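Asks: Given next are the chains, with one letter for each unit.
Protein chains: 2
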Amino acid sequence: MALPTQADDFPAWYQEVVRGADLAENSLARGTMVIKPYGYAIWEAIRDALDKRFKETDPPHENLYFPMFIPQRLLEREKEHVEGFAPEVAVVSPAGGEELAEPLIVRPTSETIIWDAYSRWIQSYRDLPLLYNQWANVVRWELRPRLLLRTTEFLWQEGHTAHETKDEAWAEALQMLEVYRQVAEDVMAMPVHLGRKTASERFPGAEETFPIEALMRDGKALQAGTSHYLGQNFARAYDVQFLGRDGEQHLAYATSWGVSTRLVGGLIMAHGDDKGLRLPPAVAPHQVVIVPIYRSDDEQDRTVSAAKAMAAEWGAAGIRVRVDERDERPGFKFADHELRGVPIRIEVGPRDLEASQVTVVRRDSGEKTPVAMDAIAGRLPGLLDEIQRSLFDDAVAFRAANTHEASSYDELRSLIADQGGFVSGAWCGDAACEAQVKADTKATIRFLPLEPEDPGAPCVVCGRPGIDTATWAIAY
Amino acid sequence: MALPTQADDFPAWYQEVVRGADLAENSLARGTMVIKPYGYAIWEAIRDALDKRFKETDPPHENLYFPMFIPQRLLEREKEHVEGFAPEVAVVSPAGGEELAEPLIVRPTSETIIWDAYSRWIQSYRDLPLLYNQWANVVRWELRPRLLLRTTEFLWQEGHTAHETKDEAWAEALQMLEVYRQVAEDVMAMPVHLGRKTASERFPGAEETFPIEALMRDGKALQAGTSHYLGQNFARAYDVQFLGRDGEQHLAYATSWGVSTRLVGGLIMAHGDDKGLRLPPAVAPHQVVIVPIYRSDDEQDRTVSAAKAMAAEWGAAGIRVRVDERDERPGFKFADHELRGVPIRIEVGPRDLEASQVTVVRRDSGEKTPVAMDAIAGRLPGLLDEIQRSLFDDAVAFRAANTHEASSYDELRSLIADQGGFVSGAWCGDAACEAQVKADTKATIRFLPLEPEDPGAPCVVCGRPGIDTATWAIAY
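Going line by line, the protein sequences match chains R and D. Take the first sequence: its position 357, counting from 1, is numbered 986 in the working numbering, and each next residue is one higher. Take the second sequence: its position 84, counting from 1, is numbered 713 in the working numbering, and each next residue is one higher.
Since the hints were made in silico from the structure, they are not lab data. Note that this is a predicted model, so its numbers are computed, not measured. It cannot be assumed that every hint is accurate.
Treat identical chains as interchangeable: a pair holds within one or across any two.
When the alpha-carbon atoms are kept at most 30 Å apart in a straight line, the in silico DSSO-like pairs for lysine-lysine are as follows [claimed, not checked]:
| no. | residue 1 | residue 2 |
| --- | --- | --- |
| 1 | K681 | K962 |
| 2 | K904 | K997 |
| 3 | K937 | K684 |
| 4 | K684 | K962 |
| 5 | K962 | K904 |
Make a model of the complete structure from these sequences and hints.
Replies: What follows is the structure, given as C-alpha cells:
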C-alpha cells in the first residue's frame, strides 16, 4: 500500500488514510458517506465522552429527539438564519402520489423546530432553564464535499437551551465550550484554542459564536466545534415569552452548540504521520493489538495461545485488546496496525516465549522495548496514559512551532503564505480589513480571544488603532 | 388530570399517558413526533441493552452508518422489496436551484444501499461473515400515524449480515431473535412469542420473517421486532458474489433485523394501568423517587436534607434516584409519579424522621410499607428486582388469561370478537383461509410456531387437514 507522504501531498495522504484504515467511504448520492465500523467506533468513543459530560453538568442536560422534517415556513421566521441556510437545504415530498400542503425541508440544524416547540413548553420562569440535547443526522447540500470533514449528511449533537437571563445563557454557552475543550484535549488529545468569532464568521442568527479551533498537521486550522450565544433572536422569531419573577412577560435567552463527525477528520489530521493514523488510547477501538509470530504449526499454536491468554486477562481489566490471527505475514500486519493507528503493538514469537517476554512497540514514537511477561499487564495502563499524554504534547509543540506573530501587513502575508499555521496580530475590528486579508491570502480570522487583548496596538492591515488581537489561518 | 380508564377508552388512555407522562408529542409535519426527554431516556435504556448484546455475540456485531439518501434506481432492483416500500417513500431534492440527475429517496430501511456496498466489500469467503448494525432514523409515509407506534419518521436499529451458507444465515436470524426476546422479556419485562410469519405478513424480499409478538392490555397484539432470513434475494439483486472455498463463485446469504421506538409504545401498553405507566426498573429513568412531606419551613429543611442524603447514598450505589423538591402538594406529586410509572416512591415526613423510618410505596402493586431507615438502602436492590419480576409475571398471567384455542370457525370468530387476545387453531396453509379470517374478524395470523405443530388437525376455517397451528389476533 503506497501512502503518500504528508509533505508531498497532504490531501492525498488524508484520502488514502481514510480509505486504508477503513474509516469511511463515499456513498452513491453526491457528498454522502458510509462511516465504516472502525471509523464509527472512534465516533462512538467521542460521542460517549461528550454524552457523559452533558449529563454530568449541574443541573444536567437531557437528551430528546425532534423530527428531521421541518415545515419551510418555520425556517423563514428568523431572517439571518434563513439567509444562512436556505441555499443548502434539501426539500422533501412523499412519493406515492400525494403532494404536501406545505414544503418540508430536511433539518440543516434544528433551532427553528425546537424554538417553535419551546413557545409551547415555556410559560413561566419556573419552566426554565431547558437544557436539552439531541444526537441526530443533518443535511447541508455541499458543493465541495470531503469525507468526514464536509459531507452532505453528517452525524452530530446539537444542544438547545433556554434561559431566564442573559448572564445564565452566556454562562451556559461558555460551559459547553469548556466541555468541548475537555473532550478535544483530554479525550482526543487535540489541543484547541477557545475564542470568539468575528461577526462575519458567526452562526446565522447568533449574537456570539465561541469556537474551538485546532491546528492540523498541514498547517491549516479546523473549526472543531461551536457554542453559540443566541440572545433573544430565536425567542423573538418564535414568540417564546415567559412570565417572569416580576410578573411581566419576557423573551427567553438561548444557546445552541454542536460538534459532528468532522471531529473524526480532525483527529486524523491532528495526529497522523507518514505511516497513517496515530490514535489516542482514549478513542482507539483497539488500544493494544497482539501479533503472534511463528514459522511452524507448533510455533503458531504456542504463540497464539499465549496471545489469547494475555488478551483475555487484559480485556477483563478493561483494556480494548485484539489478537491478530489473520493468515498474513507479520510485516503486513505491522503496517496495517500502524496505518490504523493502534497505540500499542505487542509481538510474541517463539524466542519471546522462551525468554518469558514480549516485544512492545509504541505507535506514537515507534519505540520498541522487550518487557517481561509477568510485568506487562501491570505496565499497560501507565503506557496507555503516557501515549495519550505524549500525543497531546506533540500536538501542542507542533502548534507552538506553527504559531507566529505579525506586526505588519507584509509580515502577515508572508507568514501565512510561507509558514502556514496560526498568525496573530492586532485588528481594528473593521470587516473591510478582515475581507482584505481573506482576498489576499485566503486566511480568515479563526478566533478572537475570549477577552479582548492588547487593544490600541496598530491594526496589521490598516494601521489604525486595534481593538483586539486576531488569529488568522487558512482553514478547512 | 383526568386519565380515562383502560376499560372505557383504551386509545384515549394511551394518548393521555403519552402526553401526561411527557413521553412524546406530535410535531408539525404530519405523522412526525418529538420524543421528549422522559420518553427518550426510556428509549436510551432499551437501546443500550440491545447495543451491548449485539456487541457481545461471538463473533461480535459492529456498528456503522450508511447515508439516509438512496438513489431511487437502487430500490428498484429487488422486485418484492420495491413493491412493498415504493408507496410510502419520501423523495428529496436539493433547494437552491440545482435539480438532481437522479431522484433520491429517504431510507424506509437500508437493505438496498447496504447490499450495493456489500457487492464491493465482499469478494471472497474470507470477507464473510459481515455482522453490521446501524442506529438510524427511517421514514415511511404513514396514513394513520400514532405516537410511538406508527410515525412517519422513527428511530430504530437495523442489522444487516452477510454469510457464506444458508445454515449460518438462518442461525444468525434466530440468534438475533433470541437477543430481541432477552431484551423484551428480561429488560422490558414484556413476554413475547417467537415464531414465523406467514407469506402474506413477511418483510418484502424476505424468505422467512421471525417476529417477537407481545400482547397489549387491550387484548391487541403488537409486532415488537422482526428478524428476517433473506436467502440470496438481495445478493442476486445487487450481485454480491464471492469466491467460495471450492474455487467457485457463490451468492451470499443475508439476514436483516430491526426494532424501533415502537418498543416504547409497547412498553406503555404492556404494563400500564388506570393510574398511568408502570415502568420496569431496568428501563425506568428514575427507579426511585423520594417525596419529602412537610408543613413548616423547619420540617421542609429536615425532610429535604434527609431525602438528599439518602439519594446521594443510593445514587452512589448505582440506583437512579430523584428527590422531588417541587413546590407542589404531596398528593399532586404522588399522582404524577404514578402517571410516570416510577417503580418505587419513598415518602419521608417529620413523623417518619422521628421513628427513623420511611414509607415505601410500590408502583406495581400499590403496596405501602414502613421500612427502618438503616435497612432501606440494603432492601432497595432486591425490591427493584422483585418489581421487575412481578411486572413480567403479571404480563405472563394476563397473556395466559387472554389466550384461547379454537376448534371451529364459529369458535374462532366469537373468541376474537368477544375475548380478544391470542386465539390459536389449526391452519391448512392456504392464504385464502387466512384472508377470510381477516375479512371476517380483522384478526391476522400473528405467528406460526418456530417448528410446525400439530399438523393434520382440521383447519379451523375450511376443515381440510392443517399443516400447522396458527395464532390469530387483532394487531396494532
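Asks: Each hint needs a verdict: does it hold in this structure or not?
Replies: Status of each hint after checking the structure:
When the C-alpha separation of K681 and K962 is checked against a cutoff of 30 Å, the pair qualifies only between copies, where the shortest distance is 29 Å, while the shortest distance within a copy is 35 Å. In this assembly of identical chains, the alpha carbons of K904 and K997 lie at most 30 Å apart only when taken from the same copy (16 Å versus 66 Å across copies). With identical chains, the CA atoms of K937 and K684 are at most 30 Å apart between copies only, with a shortest distance of 19 Å across copies and 37 Å within one. For the identical chains of this complex, K684 and K962 are inter-copy neighbours only, at 24 Å across copies versus 40 Å inside a copy, given an alpha-carbon limit of 30 Å.
For the identical chains of this complex, K962 and K904 are intra-copy neighbours only, at 13 Å inside a copy versus 61 Å across copies, given an alpha-carbon limit of 30 Å.
Of the numbered hints listed earlier, not one is contradicted by the structure.
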